[in-house]
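Asks: Sequence:
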Amino acid sequence: MKTICLNQTVKSCPGSVATIGVFDGVHLGHQLVIGKVLETARQQGLASTVITFDRSPRQVLDPSFRPQMLTTLEEKEAIIAMLGVDQLVVLPFTRELASLSAYDFMQQVLVEQLNVKVLFTGYDNRFGRRAKVSLRDGGSRDEGFEDYVRYGEQLGIRVWRGDVELMEGGGRAVSSSVIRDLLVKEGRVDLMPHYLTRRYELRGKVMPGEHIGHQLGYPTANLEPETADKLIPAPGVYAVWATLEDEQKPRAAMMNIGHRPTFGGHCQTLEVNILDFNGDLYGQTLQVAFEKRLREERKFDSPEALAAQLHEDRNQVINLLK
Numbered sequence: 001m002k003t004i005c006l007n008q009t010v011k012s013c014p015g016s017v018a019t020i021g022v023f024d025g026v027h028l029g030h031q032l033v034i035g036k037v038l039e040t041a042r043q044q045g046l047a048s049t050v051i052t053f054d055r056s057p058r059q060v061l062d063p064s065f066r067p068q069m070l071t072t073l074e075e076k077e078a079i080i081a082m083l084g085v086d087q088l089v090v091l092p093f094t095r096e097l098a099s100l101s102a103y104d105f106m107q108q109v110l111v112e113q114l115n116v117k118v119l120f121t122g123y124d125n126r127f128g129r130r131a132k133v134s135l136r137d138g139g140s141r142d143e144g145f146e147d148y149v150r151y152g153e154q155l156g157i158r159v160w161r162g163d164v165e166l167m168e169g170g171g172r173a174v175s176s177s178v179i180r181d182l183l184v185k186e187g188r189v190d191l192m193p194h195y196l197t198r199r200y201e202l203r204g205k206v207m208p209g210e211h212i213g214h215q216l217g218y219p220t221a222n223l224e225p226e227t228a229d230k231l232i233p234a235p236g237v238y239a240v241w242a243t244l245e246d247e248q249k250p251r252a253a254m255m256n257i258g259h260r261p262t263f264g265g266h267c268q269t270l271e272v273n274i275l276d277f278n279g280d281l282y283g284q285t286l287q288v289a290f291e292k293r294l295r296e297e298r299k300f301d302s303p304e305a306l307a308a309q310l311h312e313d314r315n316q317v318i319n320l321l322k
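Residue numbering for the sequence shown follows the working numbering, starting at 1 and increasing by one per position.
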């Protein structure tokens, strides 16, 4: 897959079938739309293109907003490449880009730079500066899908819906916001293989901690996520797979996300205990893939009571992962 960062004019782009969006998580619904792009591109002898942004557009429009992303740009790129897309276009999102009208965006970016011939978009997707369309009765409505179809007819782009089929899972429509709620409010990492078609993952560097886990007989790697914008699941104890930077095979592990209330902690920590591992991990990059949340984090009456619970947690992890 070819990746293009559109920070300058691109010349000689092949004609393509494209879709555009943030695609955070590249979840099941996104994959359905991308599948339609791939199928249509094959049928028409065109390139398949996914267009996304280098950051959450809301970060630019609202500087106080701190996103909770399901995927980093690097992760998104890797997932989209695995789907078989010919090219990924990354648009640097700026206030200048946001100020373009939908028509100007379609003309200047989609037609003149990217040579898009067919565009798949959701019925309620919006791009370009938010605008109102006047109605015959004197009222108005938000510019939307039917307007993009009309603009496309003028510009030589066929605009089709990519979300005709209703994507559902577990009784809830698949969307990035639904997935975030499941992770942040309920810790339902066990549902991610359905919603995302893969386990939810975190990646970070192992930093020095307070060695509390070592004192309890369960030494932990204190993980510092590689980006502050990556979503952290709900506090609790999880069964996870941990992969070291110099290894390919993941190891069974248990992970605690929380504030260590038994020891009066206040700052959130991410601590990973890799089963049957005694090496030095400081400074290494660790990738964690979540399997299941075992329990909520809670305060114990004593370190000994916590150690006893950790023994039970370990047995659960062994039963789940081994």
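To be clear, the hints were calculated from the coordinates, so they are not data collected in a lab. Among the hints, a few may not be true.
Using 25 Å as the maximum straight-line C-alpha spacing, the simulated BS3-like pairs for lysine-lysine come out as follows [said to hold, decoys possible]:
(1) K230 to K249
(2) K185 to K249
(3) K299 to K249
(4) K2 to K185
(5) K185 to K230
(6) K299 to K322
(7) K230 to K205
(8) K205 to K249
(9) K322 to K230
(10) K322 to K249
(11) K292 to K185
None of these values were measured; they are calculated from a predicted model.
Asks: Give me the numbers of the hints this structure contradicts, sorted from smallest to largest.
Replies: Violated: hints 2, 3, 4, 6 and 9.
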